[in-house]
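Q: The residues making up each chain are set out below.
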Amino acid sequence: MIWLSHYESTFLFVAAVFYLAAMAGFWWQMLWRAPEDSSFPLVKGEFVDNKTFRLIRICDLILAAGAFLQLLALLGQGKSLLDVRSGVAGLFAWILLIAYLVLGRWGRSSLGALVTPIVLFATLFSLVAPPLHRSVPLAQLETDWLIVHLSIILISYVALTFAFGASLIYLWQEKLLKQKQLRGIWQKLPSLLIADEWIFRATCFGTAMLTLGIGTGLLWLRLHPEYQFFRDPKVLFTITTWNIFALYLLTRWLLGWQGRRSRYIVVGGFILMVISFLGTPHLLAGVGR
Amino acid sequence: MEIFLLGVSHKTAPVELREQLALPPSHIPRALHILKNACGLKEAAILSTCNRAEIYAVGNAQSAARLERFLGRYHTLPSRANSQHLPVPITAALYRSQNEASVRHLFNVASGVDSMVVGESEIQGQVKTALETAHKHDSIGVVLDELFRRAIACGKRARHETAIGRGAQSVGAAAVELARQIFGPLAGHKVLLLGAGEMSAATARCLVSSGASSVFVANRTLAKGQELAAQLRSQKANADAVHWNELEEHLKSADIVIASTGAPHQVLSVAQVKNAMKGRRHRPLFMIDIAVPRDIDPAAHQLEDVFLFDIDDLRGVVEGNRSGRVDEIAGVEQIIESEMESWQRWINAHQARPVMTALAHHAAQLRDAEVQNAMRGARKKLANLDEESLQAVDELLAGLGRSLSGKLIHPPLRHLREAGEIGSDDVEVLRRAFNLETNNSNNSLP
Numbered sequence: 001m002i003w004l005s006h007y008e009s010t011f012l013f014v015a016a017v018f019y020l021a022a023m024a025g026f027w028w029q030m031l032w033r034a035p036e037d038s039s040f041p042l043v044k045g046e047f048v049d050n051k052t053f054r055l056i057r058i059c060d061l062i063l064a065a066g067a068f069l070q071l072l073a074l075l076g077q078g079k080s081l082l083d084v085r086s087g088v089a090g091l092f093a094w095i096l097l098i099a100y101l102v103l104g105r106w107g108r109s110s111l112g113a114l115v116t117p118i119v120l121f122a123t124l125f126s127l128v129a130p131p132l133h134r135s136v137p138l139a140q141l142e143t144d145w146l147i148v149h150l151s152i153i154l155i156s157y158v159a160l161t162f163a164f165g166a167s168l169i170y171l172w173q174e175k176l177l178k179q180k181q182l183r184g185i186w187q188k189l190p191s192l193l194i195a196d197e198w199i200f201r202a203t204c205f206g207t208a209m210l211t212l213g214i215g216t217g218l219l220w221l222r223l224h225p226e227y228q229f230f231r232d233p234k235v236l237f238t239i240t241t242w243n244i245f246a247l248y249l250l251t252r253w254l255l256g257w258q259g260r261r262s263r264y265i266v267v268g269g270f271i272l273m274v275i276s277f278l279g280t281p282h283l284l285a286g287v288g289r
Numbered sequence: 001m002e003i004f005l006l007g008v009s010h011k012t013a014p015v016e017l018r019e020q021l022a023l024p025p026s027h028i029p030r031a032l033h034i035l036k037n038a039c040g041l042k043e044a045a046i047l048s049t050c051n052r053a054e055i056y057a058v059g060n061a062q063s064a065a066r067l068e069r070f071l072g073r074y075h076t077l078p079s080r081a082n083s084q085h086l087p088v089p090i091t092a093a094l095y096r097s098q099n100e101a102s103v104r105h106l107f108n109v110a111s112g113v114d115s116m117v118v119g120e121s122e123i124q125g126q127v128k129t130a131l132e133t134a135h136k137h138d139s140i141g142v143v144l145d146e147l148f149r150r151a152i153a154c155g156k157r158a159r160h161e162t163a164i165g166r167g168a169q170s171v172g173a174a175a176v177e178l179a180r181q182i183f184g185p186l187a188g189h190k191v192l193l194l195g196a197g198e199m200s201a202a203t204a205r206c207l208v209s210s211g212a213s214s215v216f217v218a219n220r221t222l223a224k225g226q227e228l229a230a231q232l233r234s235q236k237a238n239a240d241a242v243h244w245n246e247l248e249e250h251l252k253s254a255d256i257v258i259a260s261t262g263a264p265h266q267v268l269s270v271a272q273v274k275n276a277m278k279g280r281r282h283r284p285l286f287m288i289d290i291a292v293p294r295d296i297d298p299a300a301h302q303l304e305d306v307f308l309f310d311i312d313d314l315r316g317v318v319e320g321n322r323s324g325r326v327d328e329i330a331g332v333e334q335i336i337e338s339e340m341e342s343w344q345r346w347i348n349a350h351q352a353r354p355v356m357t358a359l360a361h362h363a364a365q366l367r368d369a370e371v372q373n374a375m376r377g378a379r380k381k382l383a384n385l386d387e388e389s390l391q392a393v394d395e396l397l398a399g400l401g402r403s404l405s406g407k408l409i410h411p412p413l414r415h416l417r418e419a420g421e422i423g424s425d426d427v428e429v430l431r432r433a434f435n436l437e438t439n440n441s442n443n444s445l446p
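Sequence order for the protein chains is A and B.
So that you can map any letter, position 45 of the first sequence is 45 in our numbering, and since no number is skipped, the others follow by simple counting.
So that you can map any letter, position 379 of the second sequence is 379 in our numbering, and since no number is skipped, the others follow by simple counting.
Okay, chain B solo, but in the shape it has when bound:
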């Protein structure tokens, strides 16, 4: 049994590549089903955000190759000639790790150290969502469940025990910061928000708190847009929801467009933007696309007086205010180190668990066999006793058997657990000594 990680993030791939490998929320259930059933993995969970797409899996030695094949086939990416590998740029952008490295990576991710906005807290919610989604679709088992729970706990510790999250922006806030730097004060400018999901809501709240007074929410489901607009109105903003088919009309009058839908395809073409620009008479239009896959055709940036930025462009904005938090990374790394030790103890103990179960089972079998023999012998020798007395003798023998086996088996079980936690060879020694057969004795985690 091995823990695998296959992923791509803002650190290894630009948004053009990431969007090819993105797994939007609506796709995750199907992807998990394929991973669990078609790829033969024991456990699988997908962490998909605008900055990363990562698959965590528990399987055997062949699972890593299966994961890559899955990605290629799922996204129908062209394979290299005469091989089943992904195209070179994608292969180069993917990172793969096993066991301890995978665990450490997830702890780093959940702590916000690996985020584009160092210390941002949204990632914790996203890790939690990944765990819940995997549970909901029954693709997760004991190992990944424990791993994700520990990662969430590690993230919480990092934020409570260090200042990694102090002053950190969300991606939405970084988008608003970019808009503010381009426009100066946002008051008096019309903002058009594409999408009404969590990211849009967070972005909208930042917009309103930054002074934007006129916000329009365009969403495929009008009711969701209205819900978000109502939330913004409660913050005393002039917000309204608009029908998706009125999008182009509103594009003509908007100053800032922030796109963050969860759509798996582009929702705004360059032709639509071009058409809107005709009605704007060279008034600049600023568009910030924080969705992955991107919502707006990147070619729109080539149009005169159109300025389109994607999530990778926010890097410059957020790096300006990260200097203080980078100093906190050393503290977070210490927390991750202690969590790694704790994880190692748990996974070792988990590795010893089949041997412990087999030993307990073996002892119970011996005990039951001997007690049965003793009971049969007793019934022959004590044939003159009535049935009630014989049953009392049976109970006495059964109790004696349980007590003896319990007392005998307890020290080796305790030793097994302790040996497992520290990764001692005693586990294997005891397995051989008792000639125990375990289901996965040859697939242990290193």
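Isolated chain A (complex conformation):
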């Protein structure tokens, strides 16, 4: 295993420690802290008590500090970070974190509790990348189209990860409601309909970005007619993932599905997305290598 150069790895390591601390804070608040009278509006319609609000703010600040350190590491890696899967994972973690810090308050502490392990895992995974700042970017990355394509796909992955996180919250919340456990963790989860609304919005945005990403990929293909994309498992998995999320949107729009089944579709789509990222060769097989 080749480790990153000294500064990159230090920044990433310290960032990972910050993420771990924030994750511990979120989960402690979720599992062990007794809720008090809700009085502080986190977002419209969602209230938390003042102490919880302060704790979430502290965790957010720790995450923001980690995000800053990771940004330094990413800048140090430069364009080469797109060469390897672990580098892309680091960039994904950073975008996911920024998206959470900007948009994620709606989920009380529950979304933080679900997002931070993903961020931490992706950041730790990025630590196994080679010293990217020393490497020369691959020839295929010289094409701006591919960088645009990768960036758009990453943004779609972030949105769909949010949809997945919200789906888990929905299923968790639904299970607690079915078991009539109306105290403790249940009070810290967002209401079902709010979770549903965010799954829908995140999936809409994520699927739109995925469509755009696939579109930019097709444009890139025009520059590389020799590339047989139908033989590339990453492309096939990505198209299947798109179909799954499109199925969710169709069932939601046309059939009005809102319940448990549509959550399973989103979870299934996310699993396929993870397989297409981790389980298939990075970048387009046989091109530019």
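The set of hints was computed from the structure by calculation and includes no laboratory data.
It cannot be assumed that every hint is accurate.
Chain B regions said to be covered by chain A (calculated; three or more residues, Cβ under 8 Å) [claimed, not checked]:
1) 278–287
2) 306–314
Keeping only pairs whose Cα atoms sit at most 30 Å apart, straight-line, the calculated DSSO-like set for lysine-lysine is [to be verified]:
3) LYS180/A with LYS278/B
4) LYS11/B with LYS178/A
5) LYS236/B with LYS190/B
6) LYS274/B with LYS175/A
7) LYS224/B with LYS190/B
Yeah, the Cβ is synthetic: ideal placement off N, Cα and C, and Gly gets one too.
With chain A held as given, fit chain B onto it using these hints.
A: Frame of chain A; chain B shown alone:
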């Protein structure tokens, strides 16, 4: 004479058991009639709410067993083999008490200390309704009347002199709180209300003040539903009454259903809910059933995307905001203690009352007999006087008799009253000293 209490509440039984013993408002007159006439009780009153069903009665030593038999027969509950007792789970859930314990319990209930929502004020109205209903059906006498009045006064004192009621929700408000936690903001969601009674009205008002803008009221009597809808429209809500037979149609489009009818049976079956869900395409349906007996078949909760909660499920919601009010319970208990002392004085004095009446009656009899003798003697010795003068003498003698007996009887009567208030044995001593016969001298309250 004893005061009995037999009851079941949210503290001793889940809603599944409570609804088996519930006495809906429409059943209470008949139940009171049976208690008074068939069970041989002197007095009876029924306190029936969604969280409790309690019978207060005044009777003799056999009355407790009669009350239990009454409950079993009234609800046609199966008895245990070879006995006339109720089934074990019900027997275990019932609480029974006598005299002071019964009185203390009612004071606790009326003060809101025993409520699921500690400090809620609805219970006071319900105690008052129980008293009025018992009066209306002539099942109540001096003792229970005084007890219920004192309980209402005790509840008022608890709310005015402590902060037990500050921030307390009603059950309806707790239901709305649950809906709010499930849905977030209620604005934009369609709410269907089953029933247009007091509980429904209170719930509807909470819904509207929590932001629900679209409320439909389904009631068997459309006029009552329209009346409630008009009240809600005056609060600027988009409210309307719907026919009961349109219920299923509205169920398909509603997001939240709150059921609180006074029906003695379920009004919404699992098949009806299942049918409505077909038209909803997996859109979640939240139903909160705060009626006892329950309005909605509990099996509906097993249906996919259906979430049904009953009154017991609200416990988790209301316990979250009770912490401050629990600190006030000590203050309420002091008030209850002082009310108990006052009650004890009253009931003791009430116990002495037959002896006082008998003593006064005895003195009056003696007085009248002696005055008559004196009058006859006077008429013999003063035969030369005209009739007018004789009548003047009679009046003089009668006045003398009244004055003498009054002055003689007043100190022992005052002593009896005071001895009665403190529960002194002097009552019995005086009864024996004057050889008085009282109607219930051997059935006194301890």
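Q: Hint by hint, note whether the structure agrees.
A: Checked hints:
no.	hint	verdict
1	278–287	holds (count 5)
2	306–314	holds (count 3)
3	LYS180/A with LYS278/B	24 Å, holds
4	LYS11/B with LYS178/A	23 Å, holds
5	LYS236/B with LYS190/B	15 Å, holds
6	LYS274/B with LYS175/A	20 Å, holds
7	LYS224/B with LYS190/B	20 Å, holds
Checked against the numbered hints given earlier, this structure breaks none of them.
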